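Residue numbers (numbering that gives the first Met the number 0), protein chains in the order written: chain A, 0 to 588; chain B, 0 to 154.
No lab work stands behind these hints, which were simulated from the structure alone.
All values derive from a computational prediction rather than experimental measurement.
Quick reminder that beta carbons are idealized off the backbone N, C-alpha and C, glycines included.
One thing to keep in mind: the hints can contain errors.
Partial list, derived from the structure: chain B residues whose beta carbon lies under 10 Å from chain A [stated by the list, open to error]:
#1 G51
#2 V64
#3 V87
#4 D89
#5 V93
#6 K94
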Amino acid sequence: MAGGTRGGEAITMVSHDAHAHAAPQGFIRKYIFSLDHKVIGIQYFFLALVAVLTGMFLSLLMRIHLVWPNAHLPIFGDIKPETYLSLLTMHGTIMVFFVLTTAPQGGFGNYFLPIQIGAPDMAFPVLNMLSFWTTFLGFLVLVAAFFVTGGAPLHGWTGYAPLSALPSAGPGEGLGADLWIISIAIFCIGALMGALNFITTTLDMRAKGMTLMRMPLTCWAWFITAILGLLAFGVLLSAGILLLMDRQLGTSFFVPLGTVNGVLTGHKGGSPLLWQHLFWFFGHPEVYIAILPAMGLCSQLLSVFSRKPIFGYKAMVYAIMAIGFLGFMVWGHHMFMSGMSPYSAFAFSIMTMGIGVPSAIKTFNWLGTLWRGKIRFSSPMLFAIGFVSLFVVGGISGPFLAQPVLDIYLHETYFVIAHFHLIMGVASIFGIFAATYYWFPKMFGRMMNETWAKAHFWLTFVGAYAIFMPMHYYGMAAGLRRYSQGTEVAWINALAPIQKFISIAAFITIASQFIFVINLFWSMKKGEKAADNPWEATTLEWITATPPPHDNFGGVTPVVHNGPYEYSVPGAPRDFVMQTDAEVGAKKH
Amino acid sequence: MTSFSTTATLDEPAVSRGKQGGPPPIFGGGDDGRSGPGLPDYPTRLRRARLGLLVALTPVLMLFVSFTSAYVVRQGLPTLDPRTNQLVRDWIPVKLPALLLVNTLVLLVSSIGMELARRQSKLAAVAATARPAGGVSVCAKGKTPWLAMTVALGL
Ligand code: HEM
Ligand SMILES: [Cu+2]
C-alpha cells in the first residue's frame, strides 16, 4: 500500500481550493480512487519512487556482493549464486517496468498532457484510474515473488526460456517465476489502458488553436510513446500467456527436448528463440518507451532555459516518429548470437544503425538550441544538459554493438550493461529528475531547494559516469555479465579492481540520491511558495493557477494562438510569448 | 453467449426510447463532479468512445497476430527424436470438430443480426420522434425481424 497512501499524503497540497466545478468530496474519492488525472499522475509518481528505491536497494546488495562475495548481507543473508540472479532479475524488472515506464509516462504524462493541450482531463477518467491501480497491483505481485517458497525468479528481466519455462530449473523458477509472469501480464494490461487514454486524449481533446504542430514536444513524445506501448505490450502479453501455458499446461512453445538434472522435462519441440523474438519485438520498442518522454522533456527544457525557440521543431517531431517506427524493425540486434542467418543479421544491423540518424538529428538540434542561448543554469536545465551528455555517450556504444562481428564478442559482457545503463537507465532517470525539479512548483505549489538540487546534480552526474564508464573496459576485457562472482576465473579475477572502483562509486551515488528524496519531501512542506510561472515558460500549464484547479483552467477553456517555443521574439514585450497570448507579428510557425 | 446477445439488444431500444430520444444516460467517467455544464455533450462523447474503441482494437489485433505467428512458427519447428537421432516434425494437427464451424457461423450471423437490429430500432426511434413533428410518415420499410432472429440464434 506504500505507493497509494504516500500518493495520498502528498496530494493534500494539490487541491486546497478554487475548484470551478464541485470537486469530489471524501478522502477516498479524492485521493485514493480519484478520477482526476493530476491525482493519478502523482500516484504513479510515488509508485515509481517506491519502486526506484526498492530497485536501488537491490543493486546495492549486488554491488556489495560483487566485491565482497563472502559478506553476510542484511535481509538476504549469504548470497548464493542463485540469490544474486534473483536480485538481478528483480532489479531489472522493477527498474524497467515500474520506474522507467511508469514515472515519465504514467506520472508526468498523466499530469501534464491534458494541461499542456488545454483539456480538462483525460478522455476516459475511469480507465485512467483503473490503469494506475492495475499497475499498482502488478507491482505488489512482483514484490510478492520475494516472499514465496523458492524466492524470486532467476531468469533476468528478459525472462529467457527455457530457464523461465521450467519450474524445476532452479529455486525461484517455481511460484516466483509464475508471479513474475503474472505481474508482467498485469502490467501490460495497465499500460495498454494508459496508452489508449493518451492517444484518444491527444487526438480528441486539444483546445481550440492547439494544432498538432503547436503541441509542445513533450506531448509529441508522450503521444508516440503511447503508440509504441499500444503496439508492443500486446505482444509481451501474449508471450507471457504462452510462457505460462508452457509452465502450467504442458505445451511446448519455448522448451525443446532436454533434461534438467538428468530428468526429462516432458517438453519437446519448442524453441527458446521463439521467446526471444516475441520478447525483443516488445523489448526494443520498450527501451524507446523509456526514453522518448525524456527526449521530449529535454527538448522543452533546453528551449525554456536557453530563452530560444527549439532548433528545428518539425525535424524533432519527425525524428520522434522515425525513431518510433524504426524501433519496431531492429529487435534482432539482441539476437546476433542466436545463430541467425548472416543475411538477417545484416538487415537488422543496417536498420539498427539507421536509428542513429534520427537520434543524431535530435542531438544536433539540442546543441543548436543551446548555441548562443541566454542560458539559465537552473536545476532542471542542468539535468537536461546532463541528459544530452548521457544520451550521446550511451548512444555511441550502440553502433558498436549493432555490428554482428563486434557484438559476438561484446554480447553478454558488461559493455552491454554500460551501454544500456547510460542511455536507458541514467539518461531516462535524468529526464525524471529534470521533470521533477521543473514541474514540482506546479504540482505542489512550492519550489524545491535549488542548492541541494545542484549538489544532487553534480554528485549524480559524476557518479553515473564513474560507475558506468569503467564497465566499458570491464566488458571489452571480457568481463561477463550475469555472473555473481569471478574469483575462480583468472582473467576475470584480474579485473577485480575495476569492480571495486565501480562499487565504491555506486555507494556514493546511491547515498547522494537521498539528497533528492529529502529535498522532495522537505520542499513539499517547507519550500518557498511558487509563483504561477516561475520559469517564465510559454506552455499552457503555466497560465493556470498553482496548483491547477480541479478542471485545470478554472472553468475557462484556453484558446491557443502561438507555438510552444516563442522565446526572445523580436518586438514582443517580454522575452517569451505564452501560447495563449495574441498572435505575434507575422511570424510563421 | 445467450445472455450476451440478449442484454445487448435489450439495452439499445431502452436507451433510444428514453425521454424524448435524448442522449443515453451517463455511466463511467461522468460522475467525478464534472457533471453539469462541464460535461461534454453526447456527440462528443460518442466520437470519443468510437475513437477509443478503434484504438483499443489495435492491441487486440497485436495479441492475435503474435499468438498466430507463435503458433505458425511452432508448427514448423523440428524436434530431435532421441531414439533415431533425427530431426522430426512433432506437430500433431488437432482435428477440429464440425460443430466448431457451425458455432462460428452462428456467432457471426447473430452479431451481424444484432447490429442490424440496433440500426433498425434506432431508425424506429427517430421515426417515432419525427412523425408528430413533421407530419410526414417516415416509414421504416423492410421490417425484417432482426431482433427476433438474434434472440433466436442466441438461444
Ligand atoms: C543508435 C542507437 C542505438 C543502437 C545502435 C543500439 C544498439 C544496441 C544493440 C546492438 C544491443 C544488443 C547488445 C547485445 O545484447 O549484445 C543493444 C542493447 C540494449 N540497448 Fe541499445 N542501441 C541504441 C540505443 C539505445 C537506446 C536509446 C536505448 C534505451 C533508451 C537502448 C537500450 C538498450 C538496452 C536496454 C539493451 C540491452 C538489453 C539487455 O540485453 O538486457 N539502446 N543496443
Ligand atoms: Cu534494442
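Checked hints:
1. The restraint placing G51/B at the interface with chain A holds, with a minimum CB-CB distance near 5 Å, inside the 10 Å limit.
2. Hint on V64/B holds. Least Cβ distance to chain A is approximately 8 Å, under the 10 Å limit.
3. With a cut of 10 Å, the hint placing V87/B at the interface with chain A holds, because the nearest CB-to-CB distance is about 9 Å.
4. Interface restraint check: D89/B against chain A, minimum CB-CB distance 4 Å, threshold 10 Å, status holds.
5. Hint on V93/B is violated. Least Cβ distance to chain A is approximately 12 Å, over the 10 Å limit.
6. Interface hint status for K94/B: violated, as the beta-carbon distance to the closest one in chain A is roughly 18 Å, over 10 Å.
Violated hints for the displayed structure, listed by number in ascending order: 5 and 6.
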